[in-house]
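Number of protein chains: 2
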Amino acid sequence: MNVLVIGANGQIGTHVVQKLNTQQGTDPVAMVRKQEQVEKFQGQGIETTLVDLEGSVADIEDAMDSIDAVVFAAGSGGKTGADKTLLIDLDGAAKAVEAAVNKGVKRFVMVSAFQAHNRNNWSEQIKHYFVAKHHADRILEESKLDHTIIRPGALTNDAGTGKISIAENLEPGSVTREDVADTIIASLLSDNAVNQSFDLINGDTDIEEAVKNL
Amino acid sequence: MNVLVIGANGQIGTHVVQKLNTQQGTDPVAMVRKQEQVEKFQGQGIETTLVDLEGSVADIEDAMDSIDAVVFAAGSGGKTGADKTLLIDLDGAAKAVEAAVNKGVKRFVMVSAFQAHNRNNWSEQIKHYFVAKHHADRILEESKLDHTIIRPGALTNDAGTGKISIAENLEPGSVTREDVADTIIASLLSDNAVNQSFDLINGDTDIEEAVKNL
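For the record, the sequence lines run as chains A and B.
Just so you know, we're using the UniProt record's numbering here: the first sequence kicks off at 1 and counts up by one.
Just so you know, we're using the UniProt record's numbering here: the second sequence kicks off at 1 and counts up by one.
Do not take every clue at face value.
Identical chains blur together in the list; that is why a pair holds if it fits in one copy or across any two.
[As the list claims (entries may be wrong)] Only pairs whose alpha carbons sit at most 20 Å apart, straight line, appear in this in silico SDA-like list of lysine to any residue:
1) 127 / 56
2) 103 / 51
3) 127 / 80
4) 84 / 127
5) 84 / 121
6) 127 / 171
7) 127 / 81
8) 79 / 127
9) 127 / 154
10) 40 / 11
11) 127 / 59
12) 127 / 33
The hints are simulated quantities; they were obtained by calculation from the structure and are not laboratory data.
Bound-form chain A, shown alone (with noise of 0.2 Å):
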C-alpha cells in the first residue's frame, strides 16, 4: 500500500511516515513543502514529494501518482493567523479531497480535532479553527471516498502507550502523538474503520483492537 502523508513533517506526520516506512507491506510517500524538508526525508530514504497546499488541485493530483490512500495530517499551525486556517486547514484538505476523487485514490484518512463534529463543544478562543476542521470533514464526508476521519484529544510528545479509547463523543482528554499515528495507520488497515469518523484519547484498549472494534 503507498500512502502519501500529507503534512508530513508535522509532529504526527513525521510519526505516520517512519512507522509506514518500517513496516511490511506499506510505502510512505512525504508530501511536504521546502526543499529542505525533502531532503531530510530522503536521506533517510523515504520518496518525497515536494508541494504547496496552497497550491492548485492539479498540483495535488501529480503528488498521487501510484499512490493507494491518503493521510491528511497537515495544519497551519498554532503560530499562523486564521486567514491560513482557512487556506490549510480548509482549503488545503478540500483540494485534497478532490485531488483523490480525480485520481481514483479511494482510501482517505483525515486528521480532525476533538469534537470537531459537535458545533456545542467548540473552544471559543480556537472557534475559528474547528469551523475549518469541521468543514474539511463534511467535505470529505460527502466526497463518497472510503474515508476515515480521526479526532484526537489534547496532543502530548509522550511516548507512544499503544492503549486508546475510541467513540463517536469521549469526555476529553489527552492522547499521544504516537499513539495517534499508530490509530492512523491501524485505520488505513482495517475495513472496519472505513466511513467511520471517531473521538480519540488515551485508554485502555489496544490500538489495533478498538479500531477492529468499531
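Start from chain A and add chain B according to the hints.
Just chain B now, with coordinates in the frame of chain A:
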C-alpha cells in the same frame, strides 16, 4: 412570500429589505444581531428578529417560522479578522442552510463573491475570504435547497441602473448594491433562477429579463 433577510443591516441587505417591503406580494423579516438595529427596522414598520449568526442552528431556525425564502446577505465585513470570516461567512452561512433544511424552507438566495467558484481568480490579498465564500456556496449547492448563488463584482453605492450582465463567468467589473438587491429579488421571484449560480456586473440587460433568460 415571507423572506428572511440575514444580514439585513448590511448595505445590500438594507436595499433588499426596503424593496421587499414596498413591493406587492413580498414581506421581509429583517434578521439582525443588535437591539439598536431591531429598533431601526421596527421604526420603519418592518418585522425584525434578533439572532446572532454566531449562535446555534436552533436560534436561526426560530427566525424561520412562517418563512418561505431566505436571503443570505451577511458578511463579517472588511474590518474584522479572518477568524470572523470563518465564523460568519462560512459557518454562519452553513448554519443558515442547515436551519432552512431543518425547517423545510426550500428557497435560498446566497450573496457570494465574484468568481468564488474559480480558485484561479482569487485575489491573493483576501484569498481566505474567497475560501470561506467558496465553501459556503458549495454547502448550499449540496443541500438540495432551491438555491440561487449570486456572485457580484466590485460593489458601488451608485444609484441602481436596472441593467446587468449575468453569466457563469464574466470579466471583472462593478455593480451597484441596489442592482444586486434587485437581482436578488428578481431571482426569488423567477423559477428560472432555481439552482443557478452566476457572476453579476452592471451591463446592458434589464434585470428581470436577464434573470428570466437564465
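Outcome of the hint check:
1. 127 / 56: For residue 127 and residue 56, the Cα distance is within 20 Å only across copies (13 Å; inside one copy 27 Å).
2. 103 / 51: Classified as within; 16 Å inside a copy, 43 Å across copies.
3. 127 / 80: Close inside one copy (15 Å) and across copies (15 Å); limit 20 Å.
4. 84 / 127: For residue 84 and residue 127, both the intra-copy (14 Å) and inter-copy (10 Å) Cα distances are at most 20 Å.
5. 84 / 121: between (23 Å within a copy, 18 Å between copies)
6. 127 / 171: within (18 Å within a copy, 36 Å between copies)
7. 127 / 81: Both: 13 Å inside a copy, 13 Å across copies.
8. 79 / 127: both (15 Å within a copy, 19 Å between copies)
9. 127 / 154: within (15 Å within a copy, 30 Å between copies)
10. 40 / 11: Intra 14 Å, inter 52 Å, cutoff 20 Å: intra-copy only.
11. 127 / 59: between (30 Å within a copy, 18 Å between copies)
12. 127 / 33: between (27 Å within a copy, 19 Å between copies)
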